[in-house]
Structures are given as structure tokens and as C-alpha cells.
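Asker: If you're matching them up, the sequences are chains B and Z in order.
The opening residue of the first sequence carries number 2 in the working numbering; numbering runs sequentially from there.
The opening residue of the second sequence carries number 2 in the working numbering; numbering runs sequentially from there.
It should be emphasised that the hints constitute simulated quantities derived from the structure, not laboratory data.
Careful, some of the hints might be misleading.
One copy or two, it doesn't matter: identical chains are merged, so the pair holds either way.
Here are the computed lysine-lysine pairs in the DSSO-like style, where the Cα-Cα straight-line distance is at most 30 Å [unchecked claim]:
1. K198 x K103
2. K51 x K32
3. K32 x K216
4. K177 x K103
5. K383 x K103
There are 2 protein chains.
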Amino acid sequence: MSAEIICVGTELLLGDILNSNSQFLAQQLAKLGIPHYYQTVVGDNPERLKQVIEIAISRANILIFTGGLGPTPDDLTCETIADFFGAPLVEYPEIIEDIAQKFAQRGRVMTPTNRKQALIPQGAEVLPNPTGTAPGIIWQPRPEITIFTFPGVPSEMHRMWQETAVPFLQSQGWGKEIIYSRSLRFWGIGESALAEKVASYFNLPNPTVAPYAGKGEVRLRISAKATSEAAAEELIAPIEKQLKEIAGLDCYGADNDTLASVVGQLLRSAGETVSVAESCTGGGLGQMLTEISGSSDYFWGGVISYDNSAKVRMLGVKPEDLDKFGAVSGIVAEQMALGVKSRLETTWGLSITGIAGPGGGTETKPVGLVYIGLVGPNDELKSFEYRFGTMRDRWFIRHLSACTALDLLRRQLLTR
Amino acid sequence: MSAEIICVGTELLLGDILNSNSQFLAQQLAKLGIPHYYQTVVGDNPERLKQVIEIAISRANILIFTGGLGPTPDDLTCETIADFFGAPLVEYPEIIEDIAQKFAQRGRVMTPTNRKQALIPQGAEVLPNPTGTAPGIIWQPRPEITIFTFPGVPSEMHRMWQETAVPFLQSQGWGKEIIYSRSLRFWGIGESALAEKVASYFNLPNPTVAPYAGKGEVRLRISAKATSEAAAEELIAPIEKQLKEIAGLDCYGADNDTLASVVGQLLRSAGETVSVAESCTGGGLGQMLTEISGSSDYFWGGVISYDNSAKVRMLGVKPEDLDKFGAVSGIVAEQMALGVKSRLETTWGLSITGIAGPGGGTETKPVGLVYIGLVGPNDELKSFEYRFGTMRDRWFIRHLSACTALDLLRRQLLTR
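Build out the structure end to end from the sequences listed, making use of the hints.
Answerer: Listed below in C-alpha cells is the structure:
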């Protein structure tokens, strides 16, 4: 028994979009212990899609399709699969009603083309789509073949997978031997430096430990093969503990933790609050903090002081210091942090001012130069200088700036 | 003649990495006008890789492999291909020398396992790797089949593609007919509604027109086959013009335009400025505006008024209106917009207040309820109510809120 992932969409063949659905499904199959040896991408073309199905059923039993379930004429996945297995399409009135309701909720009227999305192969089960209009199917057109279809929109697909496909696969006996992983997340240490510290762990048989790097952070994935999540946890726990001890403060969390969520937990448990003053990140730090639902308990707001006039008017930065030291300086970062803290009366004030590029750099103040200001309960002003490098792009410098600011506050909260 | 992309690597089957190589190669093939109908992913397994080659040569002439060229025992791509076509492997002393030099440059000594990377199928041409140790090959094992191999490391692959594969393919006559695309981008209209308006264009032979949707926006891709970019532009231009006329204000731009970049261009050409006041988006609107380098010309900053106290202190929102109408109301949105505009003395003030969820919704004010406030040069206050639906996640509601705010300002700038 094995699965094959088949992603349908001419946009994939043109390179218009990145195939993140394959990665998600691959991870999910591993988690359930379902072997999977092939992934295929094919365009919105019925003849080629049929050839792909022919090949897939010769080497896999579970076929997972994404894409091509939309309302437009080039969306052909469902009808092509039905045609391949010789099943007629049946219109489901309850799907039409569901689609009409979703349109109504958004104050729109359903168009006739959407009726197409209510056509399901005879004998298939509807895989409901709670957020979008395109339902999927679970279908056994032959006793040995199980077919899943999902829309190509990742958020819709993820939810449908978790809510319907996983319970179905578990009911079929999958998930008895699982691969279960924990990702430890690190900030403030590079991949090779961390790898050297924990090198001896990379040869473990079960759980295995492997490093990954991306977007400025490093992860260590601890993966255990076991008969249950609890048994896997038991294998993972001692290794996790040892790795955390070796890494110390550089390990900020695991799995779905983010720097913002970890800072939020620390602030909440201390009964403290934070406000932000942002220049080069333009709101990105506030956005990260407010990605967490319930962040209003500890995040009170901030000032986006993009222009110098905003720094003076909204934060009380001294014009003479702007003239003397420039907007990108430690002293201005400190005044920004103090200004927002005192105006919003929070426990902490956190600020960022820097040069995100690609323009605006000079010899003494190159692109990538960033100052982070921090002021806490005792009103002691601190600022930190970073040089994120002139070769990194604007997005990355802004991302590193906001993450580093959060990490600074995290370390401050943990070590005071 | 067509190409197939074959990515080799168990890490892809485990979902450890995102398959960005497929996207890069797909874009590159489109640029050269090389048709390409299938992409396959297979693990580091010789038997399965041979089956994949068998299928690929039955439906394509150009096989492009990435991955599996490393020095470790699980890197089997090159020898498996050689074995499939019955060619012996030949050791190239100049490759060994090149690898040894690269190790020396990094102050390391070449390990014996790296010798493996110098084995090339007899008759194949070496595709040099300027930055890494793994060279690729260009090989015609049969007159009608051309094989390329590349390492899986994206940066190495990109450079080898550009420097060696592209000139080779051009010397074979490719790149004379190219596929060139323009993506028109829409906000404020759904995929099916737009598709109905422009349905007659979906049957055009050249250029073709196809819709796709994601993250709240719809695109129409116009793709032309032609002998040059200029010739493709000529085919695209009249269709682009007609589609824009049909769509009117709903079409906000093309290709790399974003709502923020379009708003920025309009503000810059009018010599006007904007400031923002954000509640539920927490800085996301400011972040979008400042993604554009040079946005300091027209974006002066803003206030993240997440807590009600910030709305009162930093924006002058009336406490009695907060009590009477609630923070999520049209009147508060208007006061936020006016507050930030007057404090920062900008031409426009733009505000967002809403319930991003998943918590915080009530029967009368459900998750997804968002008010956007706008005030312009004549100080006329406007607010707009949106119901983005209770089923969408926090990220998406915040994204829709920020994009819709930018779109409102865009429409205002275009129609005043």
C-alpha cells in the first residue's frame, strides 16, 4: 500500500506558483506512516491527466489530487477522474446550497458556473470544504483504489485534510505506526555553529535529529518512529531536553511557537505589556506581535514613525539628535522606545530604526544597519547595533530586524 | 518535443523541503518556449528512478534531473541514469582536481567519497558547477533524448542552468519561439464573476487567457507564443487593453504590481501623502505600504492603536463613542483616520478596526466584521463596513482588511 500525490494545474507547469501542497501532503503522509514514492504534476489537460492516473494506479493505491476543482472551464480534475473510472457525475443540491450561502455571507450572488462544483462522481463521498466553494471527494472507484481530491488553495486543502481525510485514513487503519516529529527552533545562532555543538546527535537511529535553516532561523527536527504519539513523545523527550540544555537561550521554542508567541507568553505570565516604535519595519513588528490571537492582553499598540516628523511628533525624539546622529542611530532608537513606552504607559518599549535598502545606504551607514532600542520597567535605556549585510534583500532585512527585536525582549524577560 | 522535470530526493517525499527547483525550471522552460507537461518527484531509489525514466522517455525528449549528485551513498542519480542507458561510468581527473581545489579553498581536505562525483557516463558532456562540488551532465544517450542533471542545491543549479544549459539549448534551436505572459491583477471581484465577464476570451488560441485565484485576489494570465518578447507583447497588448476595459476599476495592475505599489505611484504622482491607523491589522497595512523601497516619499507613518487607550491617547478617538458604538464601528474608524491624518499632517488618513478572530466575535459583531475609515484632502469622513465571514482564519481576515483598505484608497485616488 502506498500513496501518490498528483498536483493538477497549468500554473505549476508555467512556474507561476510554488508547489507547497506537495510538501504539506508529503509531511502529512509521513506523519500517518503512509509510504509514498512518487509525486506528479500535470496541467489542466484531461488526456494527460488520464495517463497520469493510469500510471499512478499501477504503482499506488491512494491517489491524492490537488487543484482543478474551481468553477472555471479549465478546472477539470473531478470530471476527468470520473470519466477515467467510467462513473457518471451527480449534482448534489446541498453543495449548491452551501456555495450559495457562502456567496450570500460575503454579500455576493452565486454565479451559474459555480454549479459545476456540485458535480460529484456517483458513489463518491463529499469531502466538505468549510471555507471555500470547492468540495473534494473521497472515493473508492475500485476496491483497491482510494481517491482524494482537494482544491489547490492551500488553506482550504489543509483544513479539509485535517478535518476529514485524516479521520478517514485512521479509520482505515493508518497512523498505527507513525513518524512523529518535534522541531526545536533557534534564534541567534547559525546552522553550522549549532550543528557543531550537537553533531553527536545526528547519528541517532530513533529518534533521528537533523538540522534545517531558513529565513534567518535554524531548526533541529527530532523524528521518532513509534506506534503512537505518546510512545514517540517518550523517545523524543530525553533528546529534546539534552538539546535544549546544550543550546541554552538560543533555543526559543518548538513546533508552532514563534518569537512573538513566546514573548507573548512571557509578558502574560509576568502581567506586563509592550508597545513598539517602528521605522524601517513599517509595522512588521506590530504585525508579528498581533498574529497571536489574544495579544491585546499584553500588546497595547505602537507608532510607525517612518518619516522623521513622525518620530518627533508622535514619539518625542529630539530634532537636534536626529540632525546630529541621524535617524538610524542608537540614541534615536532609545528615544523611540522611551517615547512609545511613556505615551502608551506600557512596561516595555521596543523600537527599530534602520536601513532596509535597496536604496538609502551610505559608506558609514550601509544597507542592513539596524538599531534596536529597548526600555523596561526600570526605565534603563538600551540600544543594540546590527549589521545584517548589504547583500540581503529588503524583505529579509526587515524580517531579521523584527525577529531580532522580539528575541532581544525575550532574552531580557528570561534573564533579568 | 517536450521536456520533463524529474526531481530526485527522499527529502522531497518526506516534505522536508519545498520543491522550488521545479518552479525555477518550469519558468525557465516557458521562457525558452520548451513545452513541458509533467513534473515527477521520486526518492533516492535506483529501481523507482529507472521506472520514472522509462515513463519520461515515452512522453518527453528532454529530461531534466535535479538532486542526487552529492557524495553520499544515497546520491544515485548519475549512476542510475548511466545504468538505465547501458553506459559505463568514466572517471574525469579534471573533476577530481576541481573538487580538491574547492576543498582546499575552504581550508579542508577532500574526502574519498567525493571521488564518486567525478564519475560521468561515457559520451556525456560535463556541465560544470562553478560553486559546488557536484558537476552535472548534458548527454544524448539516444539520438532523440537529451538529459541534463543538476545538483539539488538551488543556487548551484540556477547558475549552471544559466551559464551552460541555456546556451546549449539555444544552440539546439530553442528560445526562438518563447512563451511570454502577463498577469492582470484584480481586487474587489470574485473569480467566477470575473470569469463570466470575460468568458469569451478563454477560448483564444494565442494568446491564451486563464484565470486563477489566491489570497483574496484574482488574476488573468495572458500567455503568448511568439518569436520574441516584443512580438509576444504585440499579441498581448490588444487583449490586455480589452480585458482592462471590461474589468474597469477592478483591475488594479499587472505582474509585479501590488495594491501598495499602485497606491504609492498614484500618491507620488499627485504629490500627496498618507498615514495609517491600525487596530486589528496591528501594523500590517503599514508593512505593506513600506514593502516598496522609496515609500518614505508618500508614507509618513501611523499609529498601531491596538488597545482602546491607544485609540484615545494617540488618535483622539472620543471615549464616549468607544463606549457607545464600540471600538469596531464606523464612527471609530472615521475618528482614527482623522486622528492620524491631522497628527501627521498627511493628505490622506486610512484606518482599520475590526475583529480578526478566532476569539472576540459576538452575535451582532461577528469575527470578520471590519470597518475601514478614510479621510482625504477635503476632510470629508467616510467609513466602509465589510463582513469577511466567520469561517476565515485570522491571517486571511487581516490580509483582506489591509488589501481592502489599500484598494479603497486606490479607487478614491482614481475617481475623485
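Asker: Would you mind marking each hint as holding or not holding in the structure?
Answerer: Here is what the structure says about each hint:
Within a single copy, K198 and K103 get their C-alpha atoms only as close as 53 Å, which misses the 30 Å cut-off; across copies the closest is 21 Å, which meets it. In this homomeric assembly, K51 and K32 come within 30 Å of each other (Cα to Cα) both inside a single copy, at 29 Å, and across copies, at 27 Å. Taking identical chains as interchangeable, the C-alpha atoms of K32 and K216 lie at most 30 Å apart whether they share a chain (24 Å) or sit on different chains (27 Å). Taking the shortest Cα distances, K177 and K103 never come within 30 Å of each other, neither inside one copy (37 Å) nor across copies (47 Å).
Proximity of K383 and K103 under a CA criterion of 30 Å is satisfied inter-copy only: 28 Å between copies versus 51 Å inside one chain copy.
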